[in-house]
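*Asks:* Chains as they are written, first to last, in this note's numbering: chain A, 1 to 388; chain B, 1 to 388; chain C, 1 to 335; chain D, 1 to 335.
Honestly, the hints are just simulated from the structure, not real lab data. Note that the Cβ used here is the ideal one computed from N, Cα and C, for glycine as well. Each hint should be verified, as a subset may be incorrect.
Pairwise CB distance ranges, derived in the manner of DEER restraints [as the list claims (entries may be wrong)]: (1) A:V306 / D:S43: 39 to 49 Å; (2) A:T14 / D:D209: 44 to 54 Å; (3) C:D209 / B:D145: 56 to 66 Å; (4) B:T262 / A:E264: 33 to 43 Å.
Keeping only pairs whose Cα atoms sit at most 30 Å apart, straight-line, the calculated DSBU-like set for lysine-lysine is [claimed, not checked]: (5) B:K177 / B:K106; (6) B:K237 / B:K139; (7) D:K13 / B:K139; (8) C:K212 / C:K13; (9) B:K177 / D:K212; (10) A:K179 / A:K106; (11) B:K179 / B:K237; (12) C:K212 / A:K177; (13) C:K212 / B:K237; (14) B:K106 / B:K233; (15) A:K233 / A:K139; (16) A:K237 / A:K139; (17) A:K237 / D:K212; (18) B:K177 / B:K139; (19) A:K233 / A:K106; (20) C:K212 / B:K233; (21) C:K44 / C:K13; (22) A:K233 / A:K177; (23) A:K233 / D:K212; (24) D:K13 / D:K212; (25) C:K212 / A:K139; (26) B:K177 / B:K233; (27) C:K212 / A:K179; (28) A:K237 / A:K106; (29) B:K139 / B:K179; (30) B:K233 / B:K139; (31) A:K237 / A:K177; (32) B:K106 / B:K179; (33) B:K179 / D:K212; (34) C:K212 / B:K177; (35) A:K139 / A:K179; (36) B:K237 / B:K177; (37) A:K106 / A:K177.
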Amino acid sequence: MDFSFPPEVEAFRTEVREFLAANLTDEMIAATHDGTIHAPELHAAMAARGWIAGPVPEELGGAGRSALESVVLNEEMQLAAAPVDAMAVSIVVASILLEHGSPHLKDSVVPRLLDGSALGCFGYSEPESGSDVAAAQTKAVRDGDEWVINGAKMWTTLAHISDYVILLTRTDPDVAKHKGLTFFLVPLDTPGIEIQPVPTMAVERSNATFYDDVRLGDEWRVGDVNGGWAVMKTALKYERGIAGGQFPSPTVIDAALDWAQTAERADGSRPIDDPTVREKLMRSLIDVEVCRGFAYHTASLAEEGVMFGVEGSMTKLFASESYKRHCREFQDMMGVDGLITHHNDDAHLGGRIEENLRHSPVTTIYGGTSEISRNLVAEGHLGLPRTR
Amino acid sequence: MDFSFPPEVEAFRTEVREFLAANLTDEMIAATHDGTIHAPELHAAMAARGWIAGPVPEELGGAGRSALESVVLNEEMQLAAAPVDAMAVSIVVASILLEHGSPHLKDSVVPRLLDGSALGCFGYSEPESGSDVAAAQTKAVRDGDEWVINGAKMWTTLAHISDYVILLTRTDPDVAKHKGLTFFLVPLDTPGIEIQPVPTMAVERSNATFYDDVRLGDEWRVGDVNGGWAVMKTALKYERGIAGGQFPSPTVIDAALDWAQTAERADGSRPIDDPTVREKLMRSLIDVEVCRGFAYHTASLAEEGVMFGVEGSMTKLFASESYKRHCREFQDMMGVDGLITHHNDDAHLGGRIEENLRHSPVTTIYGGTSEISRNLVAEGHLGLPRTR
Amino acid sequence: MRTRLTDDETAVKEVFDGFFANESPIAIVRAAEPQGHDSELWSKLAATGAPGMALPESVGGGGASLRDLAVVVESWGAHLAPVPLVEHAVATRFLHTCGSDIDSLVAGEQIATLALRDSVAGAARLVPAGAVADVVVARAGNDVVRLNEPGPGTGPRNTGDLPIADRELSSAETVGSADEWTRALDEWRALMSVAYCGLGRQALALGVDYVKDRIQFDVPVGTFQAIQHGLADAATKLEGAHLLAHRAVWALDTDQPDASRLAGMALLFGAETARFCTDRSLQYHGGYGFSEEYDIQLYHRRASAWLLQLGEPSLEYARLADDEIGPIGSSGEAA
Amino acid sequence: MRTRLTDDETAVKEVFDGFFANESPIAIVRAAEPQGHDSELWSKLAATGAPGMALPESVGGGGASLRDLAVVVESWGAHLAPVPLVEHAVATRFLHTCGSDIDSLVAGEQIATLALRDSVAGAARLVPAGAVADVVVARAGNDVVRLNEPGPGTGPRNTGDLPIADRELSSAETVGSADEWTRALDEWRALMSVAYCGLGRQALALGVDYVKDRIQFDVPVGTFQAIQHGLADAATKLEGAHLLAHRAVWALDTDQPDASRLAGMALLFGAETARFCTDRSLQYHGGYGFSEEYDIQLYHRRASAWLLQLGEPSLEYARLADDEIGPIGSSGEAA
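Could you build all of it, start to finish, from the sequences and the hints given here?
*Replies:* This is how it looks when you write it as C-alpha cells:
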C-alpha cells in the first residue's frame, strides 16, 4: 500500500493553497452568514483555472484531471473553510448531463456550468419524499412536443442563485415507483416556477420550489423517459465522489485549539492544560485522520477506475457523526462563551464553533441520513438481508 | 414527591447491613469463582430471618413485607457484592407457584423454597429460542394421568445445585406459539434429566438441561394447560420486581476509587489526581444515582400496588449498559494491572474489576437483551407501532 | 416514598400546564427571539403567583415547597417559556434568606436574577436573564452583592436566544456571604435539571409524534426499529433524569446531607439527557428538523445553551469530584 | 497512492491467511490457553520466515518491508495466533539497528520481545511475551538494555490469556539509547493497530455469520434493523481503522514526518474499533456469545487486553497531546 501523492498532485496542492491564500477572503467566508454558501468571485476564479471542469472526465468534455487532484482540492477548500457547496453541485450536475444529457444540454448548458457562468441545483426531495426519494410525486406530462410539470420540491438549496435545477419527476404513476421517474434540466427562469426561502436553525438558507404548469421542450429531458432511476444512480455516484473527502471538523478543531491556548479560566489556568480537554482534542484529531484515510481511499479507487459505492456512505456516516460530536464537545469547552453567535463582534473567531454547532445536525441528515447510510453498509457491505 | 424511606425501612436497612457485616465473608464472595453464584450458609441465614419469604405477598403465604424492604435488601446485598442470584430466583419461583400452582405445589414446595431448604431455577430458554422465548419446543405430552416431557433447555443456571426447575413446555404444537405452552415444576431428581455444565467467559457456570421421557403427575403442572403464557407474564412480572433495583456498578466503582487513590503511575502521580479519571468516576457515580432513582421508583410503585412493566425494562437497560461501560473504563484506568485475574494473589482487590469486565457483557443479554428492552420501551411506553 | 406526583402536586401541574399552554404557546416563544424575554408573559405569570410561590406566606409569598415550584418549572421547561422563572425564584429566595428587601420581587413587579459565575473586577459576565433583570445577585470574592438597576433590555445574540448580558456591579451592595451562596447555586442546578426534563420530554414527544405520522417507504418511519431504539434510549434516560432531578429537589427541600451532590449530578445528567432527546428527535425529523419552521430546533438550541450559562460542564464534574474525593493532590483523603 | 493491497502484498496475504487457517485454527488458540503461547506453532511460523521477514537479507532476513510484515500481522490478528510475532519482529529490528547480535533471532530459534513500559529498579513488569521470550529488550533510564535469559514459561493469568510476565533485568547489558527506542515502540503500535483490524474484522464476520443464521421470531435476527445498524457502525469504523493502521505502517516504512503521530493514533483507534466490533458481535450472539463454546469471547477478551499491555490508554492520548500541542504548562507554545 502507498499513501503518498504523486509529485504533480503535491504540486497541485501547493497551487490550491496559494490560490486560496490569495483569493479566499474573510469577507467571502463571513458573507455566507446571509444564508447562501457560495462566493461568486471565488467560483469564477476557480472556473477560470479549469478547476470546475477538472474532475469531469475528458471524454465527456471535462478537463479529466486526476481524482487525486479532486480530493486535494476538496480537502484544501474545506480546511480553509471556503464555501464549497455551489461548486460541488455544479460539478455533479455537469457530470450527470455529460453522461445522460441530450446534445442540446451538453452543448448549451454544460460549458456554462464548467466555465462558472451558470450554477445548477438539485431538485430531488419533496415535501412527502426525503429519504424515500423514489416516491417523488412532481408530475411531468407530455403535451405534444412539450412536457408540462406540476409539483413541489423541498431542499432545493441554492435555487435562488442558480440558473438550472435538475428535476426528478414522475412520468408514470401506474408502475413500481422506481420505474416511473424521469429527469429534466429546468431553467429556473421558466414561467411557472416560484422559489420560496426555507430558513434553517443555522445560517444556511434552503428553498422550496413550486412548479405550476411549467412547460419544457423534450431537449430538456435527461436520460430516458421512465429511466430516471438510472440517472439518479449516476447522480449519487458523482455526489459520493465529491463527498469522498469530508473534512467538516478541522476548522472547528482549529478554533478549539486556539480557544484552549488563549482563554483563561476563573482559576487562572488555560483549558489547554486540562487533561480532559487534551484528550478530547486528540480524539477529534484522530477522527480527522480517519476521514483522511477514507478520502484518500475513495480517491485512490476512483483513480484506479474502481467505482466505489458503500465507501462513500461510510465516509459520510463517519465524518458527519464525528463532526457533530466535535461541535458539541468544543462548544461545551468554551462554557458560556460558546453560546455567542457571529452577530457579536467579540465572538471568538467570528463565532465559528457556535455556528458549526448549529450547522452540524443537518450533516447527519442531508445527502443521505445516517440511518440510510447504515442500511447501505449493512446490505451492500455486510450482505445482511433487507429489513423490508 | 418524597424519596425518603419510612423509619422502619431505614431500620431494616441497618439490620441488613449488620447482618451482612456479620454473615457475609470474603470466602463466600471468593467461592463464587467456582462458577456458582450462591452462598448456602448465607442463604440459610437469610431464610431463617424470613427474608426469602419477605417479599412474597402475605395472602399467598409469604411474609408480605414492604416492597421498599425488598429493594433495600437487594440494594444492600449488591453493594456488599453478596451472591444474590439463588435467592432472587427462589423468590420468583415461589411467587409463581403461589399465584398459579396447585395445592400440592403450594403445600409441599413453596415452604421449602421460602425456608431456604430447597432452591429453584428457571427453565425458559432453549437452544433455538432465546429472546423468542415463546418458541419453546420442549414437548410435554399427556400419557394417562401423567405428562411425558422431552426436550432441552439452555441457560438453566443454578440447575446443578437446585431442587426444582420451572419448565416452559409446548403442549399444543398446532396453535399460535403463545397459545400452546404449559408450565411445570420439575423436581431435578426425576429420572431422565441430565445436567451439563455450560462454562462461560466469566466465572459463572450455567447449565444445559436435557429431558428424556421425564414423567410427572399432573400435580406438578403450574397454571392451565396451554395457559403457559399467562404464567410467563407472572414470571416476568416478579423477575422485574426483583430486578427493580439493579446496582452492578458500585463494587466496580469502589475498586476503581481504591486503585486511583493508591496506585502510582510511572511519573509518580496518582490516577486520582488526573482530571480524566475524576470525570469518569463522577460520571459513573451519577449513573449509580440514576439506578437508585429507578430502584426507588419501582419499589414505590409496588408499594402503592401499581404494577410496573416498562419501568423494569428501563432499569435493566440503563443499569446493564452503564455497568458494561464502567467496567471498560476502569479496567483501562488500571492499565496492564487491569488484566490480572483473581487467580493471582496480588490481583488488585482479588481481581474485582477484571472479573466484572468479563462478567459485564452477559448483563446486557440475560433477563431480556437490551434490544428487547428497547422494543418494549418503544412499544409500551412511546406507543410506537410494532416493527413486525 | 412517593416517586410520582402527589395529588396536590398534580393539581399544581395541571394549572401550570394549562397556563403555559395557553399563555406561552410556541408562537410566543418564537416571537420573543432573539431577546428571549416576553414581559407581558412575565406579568401574566406574576399574576399566578408563581414567581413568589416558594417564598413564605409571611412575606407575601405562596408558602409552597421547592418541590411544588419544581412542578411549575418542569412545565415552564417543556414550553420553553421566555420568562426567567428559575433565576428569579432562586435569587429572591436567596435575598430573603439574607434579609435583603424583596418587596418588589415577591409578586414579580421587578425581576431578579443571579450571576452563576463569580464576578471579576466588579462585573459579572453573561448573567442569565441579565438583559432583563432589575436586581442582580452575584458573588464577589467572599461576599455576595446585590445590584439594583434595570437591565439593558438586550444582550448578545446566542445559541439559545437567552437574555444573557454582562452586568456592571460597581454600585452593588453586600447582602450576604459566600457560604450561603452555595445553596442558591444548588437550587438553580436542581430546578434547571427539572426544567431540562420538561424540555427533553417535550422534544421527545415532538419526535415520537413526527415518526408516527411521517410516511416513507410506504410506512410510518416510526416502524423502523433503529428509530424506535434511538427513541427508546432517549425515553429511558429521560425517566432516569426525571427521577434524579426530582430527588435532588426533594433533597434540597428536606435538607438531606447529599442534597448538593444530587443537585450537581441531576443537572449534568438532565442536560445530557435533554440534549440526547433533542438530537434524536431532530435527526428523526429529517431535513424538517433543521428548518426554522419546525419546533424541534427551538428545543435543540436551548438544550445546548441552558447548561452553558453555568460554564464548562467539565468544570462541574471537577467540582463534584472535589467534593466527593477531595481536591487534586489530596489523594482522596477527604473521601 | 494505492490504498488497496498491491499484487505482491496480496500474494503475501494469501500465503499467510492459508498458513494461519491451517496451522492456527481456533482449536490451537484454545489449547494454548491460559499460557497464550504455542511453541510448535512458533516453529512452524519460523519455518515460513515470518519472524525475520522484515530484516535485511544481508543478515539472513527476508528483506521485506514493514508493509509486507503488516499484511502478515493482520492475518495473525484475525486468527489470534498464540505466538509473539509482533514483539519478536519489532524487538529484533531494534536490536539489528543497534548492532546487537540477532543471529539466533532472525530465523526464530530464539524469541525476542520488548518491554513496552520503562523498567523500574532493574525490572520490567508484565512484559508482553515475557513468559516465553529468550531475549528481552527494555528501556532503563536513558539506556536500552538487552536481557538474554529464557522466559519463565508462564506468567500471571490475565484477561487475554497472554504470555505476559515480569522480567528481572539485573543481568541485562546496554545495547542502545532511549532516542532510538521511540521508533521501536511506534513500530509496535502501528503493527498492533493492524493486528487489531484483523481481530475486529474476524469478530465482525463471526457476528454477521451468526445473525444471518440465527432464527428468532421466525426470521434471521440479522433482518432486525437495530442489529444491522450496530454491525454497520462496526464495519464503518473498521474500514476507517484499517486505512489509518496501514497508513501508519506506510508512514513508518517511508519515514514520513507524521509517522509517530499516526502510529499512536492508529493504535488507539484500532483498539477502540476492535472492542466495538467484539462488543456488538458478542451482543448479537445473545447468550451463546458469553459461553466458552463460541469463539467470539476469545476475540472479546483479547480486544480488551492487547492495548493494555502498553498501559493506560488515557496516557497514550496524553502522550500524543504532548507531542502535538506541547506538554502541560507550555500553553501550546510547541504547537
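*Asks:* With reference to the structure, classify each hint as holding or not holding.
*Replies:* Going through the hints against the structure:
no., hint, in the structure
1, A:V306 / D:S43: 39 to 49 Å, "40 Å, holds"
2, A:T14 / D:D209: 44 to 54 Å, "48 Å, holds"
3, C:D209 / B:D145: 56 to 66 Å, "57 Å, holds"
4, B:T262 / A:E264: 33 to 43 Å, "34 Å, holds"
5, B:K177 / B:K106, "28 Å, holds"
6, B:K237 / B:K139, "25 Å, holds"
7, D:K13 / B:K139, "50 Å, violated"
8, C:K212 / C:K13, "27 Å, holds"
9, B:K177 / D:K212, "23 Å, holds"
10, A:K179 / A:K106, "25 Å, holds"
11, B:K179 / B:K237, "19 Å, holds"
12, C:K212 / A:K177, "23 Å, holds"
13, C:K212 / B:K237, "29 Å, holds"
14, B:K106 / B:K233, "19 Å, holds"
15, A:K233 / A:K139, "20 Å, holds"
16, A:K237 / A:K139, "25 Å, holds"
17, A:K237 / D:K212, "29 Å, holds"
18, B:K177 / B:K139, "13 Å, holds"
19, A:K233 / A:K106, "19 Å, holds"
20, C:K212 / B:K233, "28 Å, holds"
21, C:K44 / C:K13, "17 Å, holds"
22, A:K233 / A:K177, "15 Å, holds"
23, A:K233 / D:K212, "28 Å, holds"
24, D:K13 / D:K212, "27 Å, holds"
25, C:K212 / A:K139, "27 Å, holds"
26, B:K177 / B:K233, "15 Å, holds"
27, C:K212 / A:K179, "28 Å, holds"
28, A:K237 / A:K106, "19 Å, holds"
29, B:K139 / B:K179, "14 Å, holds"
30, B:K233 / B:K139, "20 Å, holds"
31, A:K237 / A:K177, "20 Å, holds"
32, B:K106 / B:K179, "25 Å, holds"
33, B:K179 / D:K212, "28 Å, holds"
34, C:K212 / B:K177, "29 Å, holds"
35, A:K139 / A:K179, "14 Å, holds"
36, B:K237 / B:K177, "20 Å, holds"
37, A:K106 / A:K177, "28 Å, holds"
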